[in-house]
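Build the full structure now, drawing on both the sequences and the hints.
Spelled out, the chains give:
2 protein chains.
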Amino acid sequence: MGEPARRLGIRDVAEQTGLSVSTVSRALNGYSDVKLETRRKVEAVAEKLGYRASFAASSLRSQQTNTVTFMVSKPWTKFVDPFFLSLLDGVELSLQAQGYALQIIMAREYETEFEIIRNSVERGRCDGLLFGRTRPEDERIEWLQERGFPFVTVGRTDKSDHDWVDVDHYKIGYQATERLIRLGHARIAHLTTPLRYAYSIHALRGYRDALDAHGIGHDPALEIECYLSRKTGADAVTELITRGVGPTAIFCGNDVIALSAMEAMRQFGIRPGPDMALIGCDDIPVAAHVGMGLTTFRQDLDALGMRLGRMMVAKLGGDAGPHQQLIDAELILRGTDLPLSGGRAE
Amino acid sequence: MGEPARRLGIRDVAEQTGLSVSTVSRALNGYSDVKLETRRKVEAVAEKLGYRASFAASSLRSQQTNTVTFMVSKPWTKFVDPFFLSLLDGVELSLQAQGYALQIIMAREYETEFEIIRNSVERGRCDGLLFGRTRPEDERIEWLQERGFPFVTVGRTDKSDHDWVDVDHYKIGYQATERLIRLGHARIAHLTTPLRYAYSIHALRGYRDALDAHGIGHDPALEIECYLSRKTGADAVTELITRGVGPTAIFCGNDVIALSAMEAMRQFGIRPGPDMALIGCDDIPVAAHVGMGLTTFRQDLDALGMRLGRMMVAKLGGDAGPHQQLIDAELILRGTDLPLSGGRAE
DNA sequence: CCGTTCTCCAAAAACGTTTTTGAATGTGGC
DNA sequence: GCCACATTCAAAAACGTTTTTGGAGAACGG
Chain A
214 MGEPARRLGI
224 RDVAEQTGLS
234 VSTVSRALNG
244 YSDVKLETRR
254 KVEAVAEKLG
264 YRASFAASSL
274 RSQQTNTVTF
284 MVSKPWTKFV
294 DPFFLSLLDG
304 VELSLQAQGY
314 ALQIIMAREY
324 ETEFEIIRNS
334 VERGRCDGLL
344 FGRTRPEDER
354 IEWLQERGFP
364 FVTVGRTDKS
374 DHDWVDVDHY
384 KIGYQATERL
394 IRLGHARIAH
404 LTTPLRYAYS
414 IHALRGYRDA
424 LDAHGIGHDP
434 ALEIECYLSR
444 KTGADAVTEL
454 ITRGVGPTAI
464 FCGNDVIALS
474 AMEAMRQFGI
484 RPGPDMALIG
494 CDDIPVAAHV
504 GMGLTTFRQD
514 LDALGMRLGR
524 MMVAKLGGDA
534 GPHQQLIDAE
544 LILRGTDLPL
554 SGGRAE
Chain B
214 MGEPARRLGI
224 RDVAEQTGLS
234 VSTVSRALNG
244 YSDVKLETRR
254 KVEAVAEKLG
264 YRASFAASSL
274 RSQQTNTVTF
284 MVSKPWTKFV
294 DPFFLSLLDG
304 VELSLQAQGY
314 ALQIIMAREY
324 ETEFEIIRNS
334 VERGRCDGLL
344 FGRTRPEDER
354 IEWLQERGFP
364 FVTVGRTDKS
374 DHDWVDVDHY
384 KIGYQATERL
394 IRLGHARIAH
404 LTTPLRYAYS
414 IHALRGYRDA
424 LDAHGIGHDP
434 ALEIECYLSR
444 KTGADAVTEL
454 ITRGVGPTAI
464 FCGNDVIALS
474 AMEAMRQFGI
484 RPGPDMALIG
494 CDDIPVAAHV
504 GMGLTTFRQD
514 LDALGMRLGR
524 MMVAKLGGDA
534 GPHQQLIDAE
544 LILRGTDLPL
554 SGGRAE
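Chains as they are written, first to last, in the numbering used here: chain A, 214 to 559; chain B, 214 to 559.
The reader is advised that the hints may include incorrect statements.
Copies of the same chain are indistinguishable here, so a pair counts whether it falls within one copy or spans any two.
Restricting the straight-line Cα-Cα distance to at most 30 Å, the calculated cross-link-like pairs of lysine-lysine (DSSO-like) are [claimed, not checked]:
hint: 1; residue 1: 372; residue 2: 261
hint: 2; residue 1: 528; residue 2: 287
hint: 3; residue 1: 528; residue 2: 372
hint: 4; residue 1: 248; residue 2: 444
hint: 5; residue 1: 287; residue 2: 254
hint: 6; residue 1: 248; residue 2: 287
hint: 7; residue 1: 372; residue 2: 287
hint: 8; residue 1: 372; residue 2: 248
hint: 9; residue 1: 444; residue 2: 287
It should be emphasised that the hints constitute simulated quantities derived from the structure, not laboratory data.
In structure tokens, the structure reads:
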């Protein structure tokens with residue numbers, strides 16, 4: 214017994230108000246050619262009935278979803294720290310201010326990233342796309358550009374004629390290295406984040422340029438690519454020490470690598486800081502608590518997120534672009550950037 | 214010049230194959246009443262053309278989205294640690310195995326949680342809903358139950374006649390307290406997570422029951438409710454000490470509170486562990502690195518996520534339920550659960 | 001050889017909105 | 001008093017699928 218619980222539709226609102234369906238729609242969507250009094254009545258009835266337009270129906274007809282998708286790659290270290298949440302927070306804030314919903318979608322495997330994008334775009338699940346982990350040559354970006362689909366990336370690519378926001382990793386690399394040089398170090402190793410990502414390469418360039426600028430050439434043996442799983446910071450430190458490459462300081466592409474490196478140092482009886490200077494990047498929460506505190510770079514991801522969102526809104530609003538935003542990281546001095554003391558012969 | 218780039222539709226596939234629109238649809242959606250050969254041809258052409266069904270159109274007609282939404286409350290501490298990501302990972306894995314997409318949506322404000330749910334459900338944006346931070350009396354749950362909308366929560370409520378998964382916080386509270394009692398402590402404080410959440414209350418009950426079971430009554434002065442911002446673990450410790458309540462051990466509702474408490478202890482010259490035993494909960498990454506290591510409880514959120522996803526799939530598949538899953542946490546012994554030593558007069 | 005069942009496909013309706021088109025009414029100028 | 005124009009709304013088309021309905025032909029049993 215009882216009705217089969219048919220979905221509440223715009224017709225019901227039309228009947229209740231005694232107006233036509235089209236007028237109700239125009240009233241609810243804020244068109245100007247509906248009398249204020251009429252609009253009020255429609256809104257009141259809609260509220261009373263608890264009516265909301267079907268998402269599927271309205272986006273089918275209007276050809277837009279008012280939704281922006283952020284694709285997050287799972288093994289992105291930044292996801293795990295609260296500041297990445299700040300980024301999403303900033304994005305959400307600036308999007309919803311303009312009536313857009315933020316939707317987050319996970320790419321669990323590296324291989325599915327592209328497939329997820331294709332699916333989102335071709336099925337018309339969102340109006341705009343946000344993603345990070347850009348690579349120097351990024352097929353996702355080319356594909357999206359071909360189709361003219363709106364997107365903004367976190368991170369640049371080699372041909373950067375699209376919208377992006379980015380942290381200046383070149384500057385980070387340069388500053389970190391220069392600081393270590395100023396502290397008297399000359400044998401400075403660099404444990405890089407995976408070099409398939411553009412930002413890793415920028416940091417590496419900064420590192421090398423700083424060395425060059427101070428008349429120190431870069432030594433390939435001091436540059437080691439690290440991963441989250443395969444080869445960690447600890448492996449790299451072990452390699453540096455057993456091969457006798459003899460660094461007195463290390464600049465790590467991120468704090469996770471730095472932490473792992475510190476672990477290995479302790480195993481070798483090397484004190485991070487006094488015996489081997491260390492600078493990381495990201496300022497993850499652990500960084501302040503580990504040992505004497507890890508010197509590292511902090512990024513204002515909140516601001517980055519806001520800009521990311523605003524850029525997307527501008528783009529969806531018809532602003533052609535391209536727009537780009539580079540933001541600086543802040544050096545957080547703690548306990549591991551110490552001057553060269555009892556270094557070996559150099 | 215050039216076409217106005219009309220959207221690629223199912224009609225195009227129909228024309229290319231020489232079949233009717235309905236046959237193409239049935240072929241692509243895996244119905245049985247289409248010859249294998251025909252299906253192959255359709256799939257080939259669709260692939261060649263790069264056709265994908267419009268999400269809006271198909272979900273309008275079929276009245277389902279094949280999407281499950283996880284609503285994550287922003288100030289959820291678990292979001293910030295990598296293990297929360299494990300939970301989402303587990304969910305995604307079990308959902309996509311059954312052809313469902315996982316979509317994450319953020320509730321930045323406490324007040325918007327309900328609104329987001331209403332919007333998702335009434336606009337028909339998803340087929341099922343997942344969320345945590347359940348409260349003993351949870352209006353979201355009642356609302357969803359009234360409407361018969363499929364959902365599974367992370368955490369129970371008082372009237373638990375719905376589907377949920379949960380970590381056994383009662384057991385955690387009981388075990389933590391019992392361990393501290395066995396170590397000789399009798400004045401054991403409990404810094405609780407916000408008591409509006411059901412799990413906080415479960416932990417509190419476990420704490421009290423353990424005290425009772427060992428003939429120690431609970432003292433309201435030893436129970437302090439902590440928040441992430443307003444009153445932190447540090448504030449609570451300050452209160453305990455300045456008021457001379459005299460605890461010798463503390464069980465903290467989570468590690469963030471514990472860390473904050475440790476900070477305050479140091480300010481008072483109290484060594485966490487030797488001078489004041491401490492047990493936390495969650496095993497956030499910092500926990501292993503802070504001081505002599507925080508003794509805490511680890512939860513297998515990966516498994517929790519898998520179960521959560523599977524439960525949702527079952528529900529969407531017509532399995533009535535209710536289904537409930539309680540999982541145990543594992544005590545991780547580190548350096549802060551020490552026996553009572555130079556305690557004051559008791 | 002006829003009737004029945006089964007297999008495969010086509011035509012058309014339906015999903016619930018938004019947008020287009022056009023009509024009715026009122027208003028003002030001459 | 002008539003025409004032009006602005007305002008406000010209604011009718012109907014359109015969005016791109018899936019589902020329903022039913023029909024043509026093949027297969028099969030008697």
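Quiz prompt | Hints violated by the structure (numbers, ascending) | solution = Result: hints 4, 5, 6, 8 break, sorted rising.
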